[in-house]
Every structure is written in structure tokens, then in C-alpha cells.
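Sequential numbering of the sequence shown, starting at 1030, is according to this note's numbering.
There may be inaccurate statements among the hints.
In silico DSS-like cross-links for lysine-lysine, where the CA-CA straight-line distance does not exceed 27 Å [as the list claims (entries may be wrong)]:
| no. | residue 1 | residue 2 |
| --- | --- | --- |
| 1 | Lys1111 | Lys1100 |
| 2 | Lys1131 | Lys1072 |
| 3 | Lys1072 | Lys1126 |
| 4 | Lys1131 | Lys1100 |
To be clear, the hints were calculated from the coordinates, so they are not data collected in a lab.
Note that the structure is predicted; figures quoted are calculated from it, not measured.
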Amino acid sequence: MIRFIRSIGVQALILIILFGAIGISTLVAIDQISEKQNVDQSKAIEAVLTKSAIQCYALEGSYPPDLYYLKDHYGVILNETKYFYFYETQGSNILPKIVVIKR
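Construct the complete structure from the given sequences, taking the supplied hints into account.
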């Protein structure tokens, strides 16, 4: 091991370690950004579904009974292979609770 270090030089070894640390830091940062983006997408989808439910209430006088009603009558696209959708109604005149979670 000592012969290897002497042959490549201490400065080269420090550079290799430095670039390795930078590479690992970059991969960790990309992973964290990707995770945050997934959460942001779920929140954006929740906002769109809530706005659609409010639009339904404004036009029809009651909130939709389920998400498929929004899909059929208001053109909402649900990506059920990528997200779990939770839609809980408490009555036709109370805003439903909508939660979107990435699979």
C-alpha cells in the first residue's frame, strides 16, 4: 500500500479522495432533490383535485362523490399506476379531504 501511495504521489491521492467526496456529495444531493420533487408533485396534484372539486361545487351545488366523477365529468386525469389517491367525503356540502401519495 505504501509503495502504491509513493508511486502515484500524495497529491494525486488527495485529488482522488477529493473527487470521490465531490461525486458522493453530488449523488446524495440529486437524491434529495428528487425526493423533494416527488413530494411537490403530490401536493400540486392535490391542489388541482381540490380546485376541480370546488369548481364542481360551484357549478352543481355539491361536491363530487368520488374522484371518478371528476374524471368523467371534468376531464381530470388520474395516474393510478404512479400515485395512490385518497378521497374522503363527509357530506355533499363539505369540502372533501384529498390526499395524493406517490407509489
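Restraint check for Lys1072 with Lys1126, where alpha carbons must lie at most 27 Å apart: holds, 13 Å
Restraint status (C-alpha distance of Lys1111 to Lys1100 at most 27 Å): With a Cα-Cα distance of about 16 Å, the restraint between Lys1111 and Lys1100 holds, given a limit of 27 Å.
Given hint Lys1100 paired with Lys1131 - CA-CA distance at most 27 Å: Status holds; Cα separation ~19 Å.
Pair hint outcome, Lys1131 versus Lys1072 [Cα-Cα no greater than 27 Å]: Judged against 27 Å, a Cα distance of about 10 Å means the pair holds.
In this structure, none of the earlier numbered hints is contradicted; all agree with it.
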